[in-house]
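Here are the chains, one letter per residue:
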Amino acid sequence: MFSAEEWTAIQLSLKVGGIATVVAVPFAVAVAWVLARRDFWGKSLVDGVVHLPLVLPPVVTGYALLLLFGRRGVFGAFLADHLGLVFSFRWTGAALAAGVMGFPLMVRAIRLSIEAIDVRVEQAAATLGAPPLWVFATVTLPLAMRGIVAGAVLAFAKALGEFGATITFVSNIPGQTQTIPSAIYALTQTPGGEAGALKLSLVAAAIALGALVISEVAVRRARRGAAA
Amino acid sequence: MISVAVKLTRRDFALDVAFEGGAGVTGLFGPSGCGKTTVIRLIAGLECPDEGRIVLGDRVLLDSAAGVRLRPHRRRIGLVFQDAQLFPHLDVATNLAYGRFFTPKAARRIGRDAVVEVLGIGHLMKRRPATLSGGEKQRVAIGRAIVPSPELLLMDEPLAALDDQRKLEILPFVERLRDEFGIPIVYVSHSVEEVARLASTVVKLDRGKVARIGTPAEVLAPTALAPAAGRFEAVSVLTGKVGRVDPDYGLSFIDHPAGRIVVPGLLPATGSDVRVAIRATEVTLSLARTHQVSVRTALAGRVIRVDTDHGPFALVTLELAGGDRLHAYATRLAVDDLGLDTGDEVQALIKAVSIDERAVPGLRVVTD
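Which chain is which? The protein sequence lines are A and B, in order. Number 196 in our numbering belongs to position 186 of the first sequence; there are no gaps in the numbering. Number 186 in our numbering belongs to position 71 of the second sequence; there are no gaps in the numbering.
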């Protein structure tokens with residue numbers, strides 16, 4: 011049904027999207043919490059930087075990633091030398107690009123759900139003797155779960171569709187950085203590739219739809235749990 | 116023993132309050148916007164004053180001069196919000212158990228089962244907060260706050276969000292808390308009746324300052340309240356014992372040396388002391404003892420003062436049998452027609468005695 015190359019692209023897309031989402035969630039929760047609950051000088055700047063990938067042309071984001079996380083980039087060189095983590099022209103780079111592009115969507119969803127929690131519920135927990143981290147883990151996090159799930163699914167869907175930043179940052183290498191969108195693009199550039207492009211497009215649609223259904227179920231469950 | 120002295124300046128509000136509260140209930144009373152809730156939040160540690168000192172027993176919770184400021188979770192002070200604020204994702208049992216975990220073993224002097232019993236919430240344990248009525252939520256919130264055996268309980272208008280039937284339902288629970296668990300309570304309210312019924316000390320706040328501190332009878336008497344707001348706010352506080360309850364009529368009868376006081380609702384615990392707040396505007400004076408009117412409460416007393424310095428109104432103060440004072444507003448015309456003067460023996464007819472009769476129109480009919 012699928013050629014080996016198409017199959018590789020599908021698997022790679024799921025891996026890249028999945029890892030990007032899972033790694034991004036804790037960072038997104040932390041940033042969302044800070045934006046929702048803390049006031050500090052330069053907050054709008056942080057807010058702006060977080061949202062940048064949403065408004066910049068994806069190619070620009072990809073180029074920025076190349077400058078920062080490329081083999082000779084500021085962070086790239088450090089991470090490669092000290093942690094052995096190389097991004098350029100690897101699937102890890104595709105995951106980074108996907109994660110960065112989906113990050114603002116995730117932060118937005120989580121921030122909204124944290125802001126919807128009455129501060130006084132958290133304060134009630136504190137007056138009952140719960141230290142701040144405990145309050146966060148037993149009250150804030152469970153009550154924000156709907157937003158976290160929704161944000162993660164949104165970011166995952168975004169990761170699956172991410173093309174511009176990925177192709178700029180890590181190019182289009184089959185088996186390494188060729189995700190579904192890159193593969194579709196390559197197929198449409200090849201004579202006789204239309205059938206393959208159509209198949210992959212349908213797969214992309216199916217995965218996105220599946221993710222939405224799963225999130226709907228998860229949100230409904232979280233809602234029943236939170237009765238909110 | 117809680118001792119509070121705090122100063123706080125915000126853009127549109129200044130607070131400068133000092134008072135002490137002992138055992139029993141200290142009522143923080145005053146109009147909305149007077150700073151009651153801010154004082155509660157300062158004691159709980161949810162806000163920080165510009166300067167001040169708060170001492171609970173022998174523990175210094177806050178001393179801005181010494182740089183001491185205990186975080187809320189280290190203060191061991193329970194807080195009941197106006198609107199319960201239960202944990203929506205946890206069932207009632209887990210809500211109640213939440214604070215227990217953080218209570219040092221040696222400090223666990225209040226049993227969960229006793230709390231559940233006093234508040235009558237045993238049948239709710241498996242329920243989620245969203246499925247509870249307002250009164251049930253508030254009872255669970257009160258339980259959640261006292262299960263960890265706090266050294267002080269703060270209640271911020273705990274009945275304000277409830278309808279009148281629920282208020283009548285919960286007030287006796289608060290009285291039992293006060294009497295059975297021995298936790299000192301700071302109780303915020305703008306309802307004269309609630310404060311009169313619960314508090315042993317009343318701190319009256321006005322625009323961020325302490326206007327007066329004293330017993331309910333002193334602070335809530337007509338002469339103590341400003342004339343403008345005073346006529347409708349002024350109450351007398353009488354103490355009696357619960358005699359009989361009549362479930363058929365939905366009434367309770369309180370025995371007072373000066374007569375029998377009929378109140379709406381079923382009070383628990385026959386034989387226990389209760390306080391009743393009576394608005395000065397709700398008292399009718401009669402020279403003759405009569406059963407020909409619809410009012411069922413008639414208290415015998417002697418006029419000790421007639422104060423005609425209230426425009427068309429006169430404030431008549433009676434001394435009832437047993438020593439309680441009762442204030443009554445009448446028109447000066449009525450005083451002159453009856454020829455009322457100090458030393459006269461009169462009957463005080465009280466039409467409606469309820470917790471907050473402004474809000475209990477339905478109950479007025481019942482009392483008559």
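The reader is advised that the hints may include incorrect statements.
Label pairs and their calculated CB-CB ranges [what the hints assert, rightly or not]:
1. D91/A / A120/B: 52 to 60 Å
2. A222/B / R48/A: 53 to 61 Å
3. S54/A / G148/B: 53 to 61 Å
4. C163/B / G220/A: 47 to 55 Å
5. V65/A / Q280/B: 53 to 61 Å
6. P67/A / S147/B: 47 to 55 Å
7. H61/A / D321/B: 56 to 64 Å
8. I224/A / A245/B: 22 to 30 Å
If you're looking for bench data, these hints aren't it; they were derived computationally from the structure. Being a predicted model, the structure only gives us computed values, none of them experimental. In this text, a Cβ means the ideal position worked out from N, Cα and C, and glycines have one as well.
Right, here's what the structure says about each hint:
1. Range check, D91/A to A120/B: Cβ separation about 59 Å, and the 52 to 60 Å hint holds.
2. For the pair A222/B and R48/A, the supplied restraint of 53 to 61 Å is violated, since their beta-carbon distance comes to about 32 Å.
3. For the hinted restraint 53 to 61 Å between S54/A and G148/B, the CB-CB distance of approximately 32 Å leaves it violated.
4. At roughly 50 Å, the beta carbons of C163/B and G220/A sit within the given window of 47 to 55 Å.
5. Checked against the given bound of 53 to 61 Å, the beta carbons of V65/A and Q280/B, roughly 55 Å apart, stay inside it.
6. The beta-carbon spacing between P67/A and S147/B, approximately 53 Å, falls within the hinted interval of 47 to 55 Å.
7. Against the hinted window of 56 to 64 Å, the Cβ-Cβ separation of H61/A and D321/B comes to about 47 Å, which falls outside the hint.
8. For the pair I224/A and A245/B, the supplied restraint of 22 to 30 Å holds, since their beta-carbon distance comes to about 25 Å.
Hints 2, 3, 7, counting from the list given before, are not met by this structure.
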